[in-house]
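Q: Spelled out, the chains give:
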Amino acid sequence: MNPLLSLDNLTVKRGDCPVVDRVSLTIGPGECIGLIGPNGAGKTTLMRAALGLMPSTGESSLTSLSPAKRAHAAAWLPQAREIAWPVTVEAVVALGRTPHLPRGAKLSATDQAAVDEALSQMGLEGFRTRLANQLSGGEQARVLIARALAQQTPLLMVDEPIAGLDPAHQISTMQAFQALTEQGKSTLVSLHDLGLAARHCTRILLMSKGRLVADAPPQEVLTPKLMQEVFGIFVHYEQTPTGPIFQPLGLT
Amino acid sequence: MRRLTARSTSAFVRLSKLINVAVLAFAGTAAFAEAPKRVVSEDAPDRVVSMNVCTDQLAMLLADEGQLVSVSSLAYDRRTSAMVEEAQNYIPNTGRAEEVFLLEPDLVIAGTYTARAAVTMLERLGIKVVTIASASSLKDVRAGILEVGAALNQTERAEVLAAEFDAGLAALQADTAARKPRAALYGANGYTVGSQTLSGEMLVAAGFINIASEMGLTHGGTLPLELLALSAPEVVITSQPYPGASRSEAVPRHPVVARMQAQAVSTKIDDGDWLCGTPFVLRAIKTLAQQRETLKP
Amino acid sequence: MTRLMLLLSALTAVLFVASLAIGPAEASLAETLSALFQDDGTPLTLIMREIRLPRALLAVAIGASLGLAGAAMQGYLRNPLAEPGLIGVSSSAAFGAVLSLQTGFAATFALALPFSALSAALIGVLLVLALAGPRGASMTLILAGIAISAMAGALTSLALNLSPNPYAAHEIVFWMMGSLADRSMQHVTLAVPIMALGWLMLASLGRGLDALTLGEDAAASMGINLKRLRLMLVLGTSCVVGAATAVAGAIGFVGLVVPHMLRPFVGGRPSRLLWASAIGGAAMVLAADIAVRLVLPERDLKLGVVMALIGAPLFLHLIYKTRKELA
Numbered sequence: 000m001n002p003l004l005s006l007d008n009l010t011v012k013r014g015d016c017p018v019v020d021r022v023s024l025t026i027g028p029g030e031c032i033g034l035i036g037p038n039g040a041g042k043t044t045l046m047r048a049a050l051g052l053m054p055s056t057g058e059s060s061l062t063s064l065s066p067a068k069r070a071h072a073a074a075w076l077p078q079a080r081e082i083a084w085p086v087t088v089e090a091v092v093a094l095g096r097t098p099h100l101p102r103g104a105k106l107s108a109t110d111q112a113a114v115d116e117a118l119s120q121m122g123l124e125g126f127r128t129r130l131a132n133q134l135s136g137g138e139q140a141r142v143l144i145a146r147a148l149a150q151q152t153p154l155l156m157v158d159e160p161i162a163g164l165d166p167a168h169q170i171s172t173m174q175a176f177q178a179l180t181e182q183g184k185s186t187l188v189s190l191h192d193l194g195l196a197a198r199h200c201t202r203i204l205l206m207s208k209g210r211l212v213a214d215a216p217p218q219e220v221l222t223p224k225l226m227q228e229v230f231g232i233f234v235h236y237e238q239t240p241t242g243p244i245f246q247p248l249g250l251t
Numbered sequence: 000m001r002r003l004t005a006r007s008t009s010a011f012v013r014l015s016k017l018i019n020v021a022v023l024a025f026a027g028t029a030a031f032a033e034a035p036k037r038v039v040s041e042d043a044p045d046r047v048v049s050m051n052v053c054t055d056q057l058a059m060l061l062a063d064e065g066q067l068v069s070v071s072s073l074a075y076d077r078r079t080s081a082m083v084e085e086a087q088n089y090i091p092n093t094g095r096a097e098e099v100f101l102l103e104p105d106l107v108i109a110g111t112y113t114a115r116a117a118v119t120m121l122e123r124l125g126i127k128v129v130t131i132a133s134a135s136s137l138k139d140v141r142a143g144i145l146e147v148g149a150a151l152n153q154t155e156r157a158e159v160l161a162a163e164f165d166a167g168l169a170a171l172q173a174d175t176a177a178r179k180p181r182a183a184l185y186g187a188n189g190y191t192v193g194s195q196t197l198s199g200e201m202l203v204a205a206g207f208i209n210i211a212s213e214m215g216l217t218h219g220g221t222l223p224l225e226l227l228a229l230s231a232p233e234v235v236i237t238s239q240p241y242p243g244a245s246r247s248e249a250v251p252r253h254p255v256v257a258r259m260q261a262q263a264v265s266t267k268i269d270d271g272d273w274l275c276g277t278p279f280v281l282r283a284i285k286t287l288a289q290q291r292e293t294l295k296p
Numbered sequence: 000m001t002r003l004m005l006l007l008s009a010l011t012a013v014l015f016v017a018s019l020a021i022g023p024a025e026a027s028l029a030e031t032l033s034a035l036f037q038d039d040g041t042p043l044t045l046i047m048r049e050i051r052l053p054r055a056l057l058a059v060a061i062g063a064s065l066g067l068a069g070a071a072m073q074g075y076l077r078n079p080l081a082e083p084g085l086i087g088v089s090s091s092a093a094f095g096a097v098l099s100l101q102t103g104f105a106a107t108f109a110l111a112l113p114f115s116a117l118s119a120a121l122i123g124v125l126l127v128l129a130l131a132g133p134r135g136a137s138m139t140l141i142l143a144g145i146a147i148s149a150m151a152g153a154l155t156s157l158a159l160n161l162s163p164n165p166y167a168a169h170e171i172v173f174w175m176m177g178s179l180a181d182r183s184m185q186h187v188t189l190a191v192p193i194m195a196l197g198w199l200m201l202a203s204l205g206r207g208l209d210a211l212t213l214g215e216d217a218a219a220s221m222g223i224n225l226k227r228l229r230l231m232l233v234l235g236t237s238c239v240v241g242a243a244t245a246v247a248g249a250i251g252f253v254g255l256v257v258p259h260m261l262r263p264f265v266g267g268r269p270s271r272l273l274w275a276s277a278i279g280g281a282a283m284v285l286a287a288d289i290a291v292r293l294v295l296p297e298r299d300l301k302l303g304v305v306m307a308l309i310g311a312p313l314f315l316h317l318i319y320k321t322r323k324e325l326a
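Residue numbers (numbering that gives the first Met the number 0), protein chains in the order written: chain G, 0 to 251; chain C, 0 to 296; chain Z, 0 to 326.
If you're looking for bench data, these hints aren't it; they were derived computationally from the structure.
All C-beta atoms, glycine included, are put in the ideal place defined by N, C-alpha and C.
It cannot be assumed that every hint is accurate.
[Stated by the list, open to error] Distance condition first, Cα-Cα at most 30 angstroms in a straight line; then the derived BS3-like pairs of lysine-lysine:
{"id": "1", "chain 1": "G", "residue 1": "Lys208", "chain 2": "G", "residue 2": "Lys12"}
{"id": "2", "chain 1": "Z", "residue 1": "Lys301", "chain 2": "G", "residue 2": "Lys68"}
{"id": "3", "chain 1": "C", "residue 1": "Lys179", "chain 2": "C", "residue 2": "Lys127"}
{"id": "4", "chain 1": "C", "residue 1": "Lys138", "chain 2": "C", "residue 2": "Lys127"}
{"id": "5", "chain 1": "G", "residue 1": "Lys105", "chain 2": "Z", "residue 2": "Lys226"}
{"id": "6", "chain 1": "G", "residue 1": "Lys105", "chain 2": "G", "residue 2": "Lys68"}
{"id": "7", "chain 1": "G", "residue 1": "Lys68", "chain 2": "G", "residue 2": "Lys12"}
{"id": "8", "chain 1": "Z", "residue 1": "Lys301", "chain 2": "G", "residue 2": "Lys12"}
{"id": "9", "chain 1": "C", "residue 1": "Lys285", "chain 2": "C", "residue 2": "Lys127"}
[Claimed, not checked] Chain C stretches covered by chain Z per the calculated footprint, using a threshold of three residues with CB under 8 angstroms from any CB of chain Z:
{"id": "10", "region": "183 to 197"}
{"id": "11", "region": "234 to 247"}
[Stated by the list, open to error] Ranges of calculated distance between the beta carbons of each label pair, as one might list FRET restraints:
{"id": "12", "chain 1": "G", "residue 1": "Arg13", "chain 2": "Z", "residue 2": "Met150", "range": "27 to 35 angstroms"}
{"id": "13", "chain 1": "G", "residue 1": "Ala162", "chain 2": "Z", "residue 2": "Asn224", "range": "24 to 32 angstroms"}
{"id": "14", "chain 1": "G", "residue 1": "Lys12", "chain 2": "Z", "residue 2": "Ala202", "range": "35 to 43 angstroms"}
{"id": "15", "chain 1": "G", "residue 1": "Gln111", "chain 2": "Z", "residue 2": "Ala195", "range": "42 to 50 angstroms"}
{"id": "16", "chain 1": "Z", "residue 1": "Thr139", "chain 2": "G", "residue 2": "Thr10", "range": "21 to 29 angstroms"}
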């Protein structure tokens with residue numbers, strides 16, 4: 000089976016300075032992948048370049064696709080939470096069905112089902128008719144995640160989706176991504192909450208200064224050594240019966 | 000430069016805008032200017048500058064050789080002047096005080112609407128300025144001739160010219176036809192000229208009924224295209240557009256006007272003859288009267 | 000939604016008939032309509048067919064164009080302050096029209112005038128996009144548009160000032176404010192084909208503009224070809240605004256007021272707003288042009304003056320609102 004995404008020496012330069020430096024990786028079906036790294040490590044740039052939203056060198060399996068085809072292969076949730084107009088929550092989520100709708104067509108039953116499912120996954124059933132741009136930041140974030148879910152692509156790429164969410168919604172969001180793996184779908188999610196990454200991700204990509212420095216299961220990446228090298232922190236990491244517990248303790 | 004002057008002599012230029020004229024090449028020469036010449040008396044001004052296209056022409060008709068030094072630049076434009084050839088003998092001025100002052104005139108003749116600032120400045124500099132009102136009737140033409148004649152100290156010649164004008168006008172009016180076609184003078188921005196104006200009186204003298212009078216526009220005013228069409232005059236006399244283009248002049252060239260004109264004989268009048276209260280208005284009236292005669296009875 | 004469209008269409012139809020019935024030549028509605036359809040040889044037929052019909056038709060076409068262009072620009076820039084004038088299209092188009100009239104190019108072939116206005120509008124927009132960069136943010140685009148507008152306005156004034164025609168200089172007001180007075184069927188045939196082309200291009204944008212609600216990146220990832228969308232937007236806007244400006248001058252605020260008023264009724268959806276604004280724009284310009292004829296029938300009150308009187312306070316309100324949101 001073809002991988003959902005494969006990158007080969009993907010490089011993005013800003014001037015002479017590489018922001019993403021020769022990154023190669025492959026994403027297969029049924030993975031929930033956490034993309035971590037310090038601010039400015041190139042996480043967002045890596046995802047945008049992989050999608051072909053910005054110029055890059057090297058290979059990405061998505062960049063050669065037309066925008067319409069790409070929209071069936073991967074959904075993308077940018078970090079910026081933009082909802083320009085006073086549209087209802089349901090209408091925003093329904094925008095995720097855009098790639099599936101012929102020009103000018105109305106939502107079919109399948110589309111409506113996808114919208115309903117995404118709304119319920121994000122706990123937004125009660126928000127359907129609310130105006131999305133008047134919700135709180137965290138609520139807007141959930142609406143936008145639901146939009147990306149409604150696109151129902153094999154690969155979902157989300158940029159810091161849980162920043163600003165309350166703990167319950169952080170967990171439920173990560174669980175929603177985990178649930179996708181059961182359908183053979185994969186998620187690439189960038190995040191700064193390493194504890195959640197440890198618990199919910201099947202695999203962690205660690206970036207530092209544009210380089211991909213680690214690509215392995217959580218327990219192999221979230222090691223004290225790597226954490227000290229990349230983030231400059233010392234950490235507590237422990238496997239418990241209720242799952243792994245990861246806690247940064249201080250600066251080194 | 001001309002445009003600056005055009006604005007400052009606004010009354011006259013505006014009048015020219017209102018006069019509807021389809022232009023012919025200017026053909027004839029003046030038949031009036033052959034009054035006897037005589038030596039200027041001691042107290043007569045001997046360096047005269049005219050700053051207005053209408054006084055330009057009267058001064059050229061009345062002054063002795065060498066008495067008139069300069070005329071306004073509009074005197075060199077066929078659209079505004081009937082004496083373009085004669086004007087070649089004089090220095091053009093654009094009506095700025097500094098320019099006129101440097102010509103060292105002992106008399107300046109200006110129109111009522113000539114750039115007031117320039118005229119005031121010249122007066123302050125001690126130059127004698129005579130202001131001549133613009134003609135708003137055929138009667139005013141006679142008065143204008145005599146006033147300019149008096150300023151130039153050419154009273155005798157002016158009286159001869161005025162008498163000639165009176166005779167010429169009387170001859171034209173004796174010739175009025177039985178049938179008076181209805182006509183409109185339709186200019187830029189849909190401005191139509193009323194009867195109590197020089198061109199309005201000229202139209203009547205040529206044997207037409209001015210539709211503006213039917214509408215109660217005594218001096219003139221904007222006549223919407225719709226009302227022009229509704230009143231259905233036999234003749235619509237429109238103006239020759241200036242070079243370049245303007246939306247104002249597009250109004251008298253609207254298809255509606257073209258349609259109305261197609262039904263009548265087109266009238267061709269020389270702009271320069273219409274603009275000012277000079278004896279040349281007689282020629283304009285005569286041309287218009289001849290056009291009238293070609294209309295269906 | 001459908002009810003809104005029906006309502007707007009009915010309003011437009013009523014205003015269209017009113018526009019035909021109102022004018023200095025007094026005649027009853029029945030008389031005017033019968034004179035329009037039947038040539039009875041009276042001047043009223045001439046008036047209806049050559050003066051009032053073209054005026055009403057242009058009001059509809061230009062209103063639809065400006066409403067559509069405004070809705071499209073706002074959708075694209077995600078900014079309710081955006082309208083065709085803002086990115087410099089209207090003033091560039093006016094400059095193109097003035098230049099081609101003053102140089103005599105407008106007389107060289109039938110569509111020379113709207114073509115010149117369209118080309119100048121296009122150059123203006125491309126210049127704006129070049130200044131703002133290929134992925135220019137809304138604010139950069141708007142600032143660049145203001146700069147282009149100022150430049151085009153100055154060049155228009157210069158061209159009119161240099162004209163040998165003494166009337167031309169006084170017509171800066173016409174080109175800046177716009178008017179439908181004394182237009183003829185010639186202007187309809189000049190402008191409408193090009194506007195129609197633009198309508199087709201702008202009407203194809205609905206889906207892309209909906210997706211753009213969530214930003215450029217999100218839209219691109221939802222399968223929207225942003226390059227094509229931008230091209231269609233630029234060409235379509237140039238066509239409609241260029242052709243409209245060539246015959247009626249730069250009429251402002253239609254593209255601002257109409258989408259703003261209709262947005263709540265279409266659930267904020269840019270795609271629905273396109274159609275609603277087209278019909279709403281037609282109604283708005285018809286109404287404003289009727290007002291021009293009713294309020295000061297003797298004077299040549301400019302259509303743009305009425306639109307500015309309606310639009311400018313709303314513009315201030317929108318700025319105030321946006322400012323509060325930013326603060």
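Q: For the pair supplied as a hint, Lys285 of chain C and Lys127 of chain C, is the alpha-carbon distance within the 30 angstroms limit?
A: Violated, at roughly 37 angstroms.
Q: Verify the proposed pairing of Lys68 of chain G with Lys12 of chain G, using a straight-line Cα cut of 30 angstroms.
A: holds, 26 angstroms
Q: For the pair supplied as a hint, Lys208 of chain G and Lys12 of chain G, is the alpha-carbon distance within the 30 angstroms limit?
A: holds, 12 angstroms
Q: Straight-line Cα separation of Lys138 of chain C and Lys127 of chain C no greater than 30 angstroms?
A: Measuring from Cα to Cα gives roughly 27 angstroms; hence the hint holds.
Q: Take the C-beta atom of Thr139 of chain Z and the C-beta atom of Thr10 of chain G, compute their distance, and say whether it sits inside 21 to 29 angstroms.
A: Given about 27 angstroms between the Cβ atoms, the range holds.
Q: Do the alpha carbons of Lys301 of chain Z and Lys68 of chain G lie within 30 angstroms of each other, as the hint requires?
A: Violated, at about 50 angstroms.
Q: Ala162 of chain G and Asn224 of chain Z, beta-carbon distance inside 24 to 32 angstroms?
A: Between Ala162 of chain G and Asn224 of chain Z, where Cβ atoms are some 30 angstroms apart, the hint holds.
Q: When you check the alpha-carbon spacing of Lys301 of chain Z and Lys12 of chain G, does it fall within 30 angstroms?
A: Violated. Lys301 of chain Z to Lys12 of chain G sits at ~54 angstroms, over the 30 angstroms cutoff.
Q: Would the pair Lys179 of chain C and Lys127 of chain C pass a check requiring their Cα atoms to be no farther apart than 30 angstroms?
A: violated, 47 angstroms
Q: Is it true that the C-beta distance of Lys12 of chain G to Ala202 of chain Z lies inside 35 to 43 angstroms, as the hint says?
A: Holds, at about 40 angstroms.
Q: Closer than 8 angstroms, Cβ to Cβ, for at least three residues: run that test on the region 183 to 197 of chain C against chain Z and report holds or violated.
A: With 3 residues closer than 8 angstroms to chain Z, the region 183 to 197 of chain C meets the three-residue bar; holds.
Q: Can you tell me whether the CB distance of Gln111 of chain G to Ala195 of chain Z sits inside 42 to 50 angstroms?
A: Violated: the Cβ-Cβ distance is about 36 angstroms, outside 42 to 50 angstroms.
Comparing the model with each numbered hint stated earlier shows that hints 2, 3, 8, 9 and 15 do not hold.
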